[in-house]
Amino acid sequence: DAGVTQSPTHLIKTRGQHVTLRCSPISGHKSVSWYQQVLGQGPQFIFQYYEKEERGRGNFPDRFSARQFPNYSSELNVNALLLGDSALYLCASSFTGDETQYFGPGTRLLVL
Amino acid sequence: AQSVSQHNHHVILSEAASLELGCNYSYGGTVNLFWYVQYPGQHLQLLLKYFSGDPLVKGIKGFEAEFIKSKFSFNLRKPSVQWSDTAEYFCAVNAGYGGSQGNLIFGKGTKLSVKP
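Residue numbers (the working numbering), protein chains in the order written: chain H, 97 to 208; chain E, 5 to 120.
Isolated chain H (complex conformation) (with noise of 0.2 Å):
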């Protein structure tokens, strides 16, 4: 079976463009978070979203957005992106009633 994928890999911005990432989540999986890894720390919580509906997120800015679409598979958006937010960037997927997450290879952002 699948996992979690993540697209891209890596990914190279400039200050003050805004990036799009994207994530499938395991097969069956109806709920996918986010996190943002820096590096040297564990990753912090950005966003769930299960049935397509945001459940919670963490304390980041409005410049970070997300969505789900009807096939669970899910986008986290980053507008007017700063230095700091280089980051690996993790999307995890659960099942329902499950409360493992399941995490995908991650993106990798640099930006200069």
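Some chain H residues close to chain E (C-beta under 8 Å, calculated; not the full set):
| hint | residue |
| --- | --- |
| 1 | GLY138 |
| 2 | PRO139 |
| 3 | GLY154 |
| 4 | GLN197 |
| 5 | PHE199 |
| 6 | PRO201 |
Straight-line Cα separation of at most 30 Å, DSSO-like style, residue types lysine-lysine; simulated pairs:
| hint | chain 1 | residue 1 | chain 2 | residue 2 |
| --- | --- | --- | --- | --- |
| 7 | H | LYS126 | H | LYS148 |
| 8 | E | LYS62 | E | LYS119 |
| 9 | H | LYS126 | E | LYS112 |
| 10 | H | LYS126 | E | LYS53 |
Please keep in mind that the hints were generated in silico from the structure rather than gathered at the bench. Here the structure is a predicted model, which is why all the values come from computation and not from measurement. C-beta atoms are modelled at their ideal positions from N, C-alpha and C, and glycine is treated no differently.
Start from chain H and add chain E according to the hints.
Using the frame of chain H, we list chain E on its own:
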């Protein structure tokens, strides 16, 4: 607010040594507890989890963890490490109720280096 503390930033062991990585969390209610591992160049993988029941849980690759509620701890153990256990280990917690299940709180991670 919930938080997770991992006491060791970097642990260096020789093969066959025993391992214990500390994890403490701050949250007074029901929690779900996880240990994830990130091998070099790979993505986060679930090692083991605790939701309820027997506080001693066994995971993959010979790892186990013990939930001690009175100490708010969930320490990871392995009796004999191998070079292939070299990785970064993350403890994570989420509140075991309501709509915030997606909110995993991670510790900063412990890097384990095993010398052959």
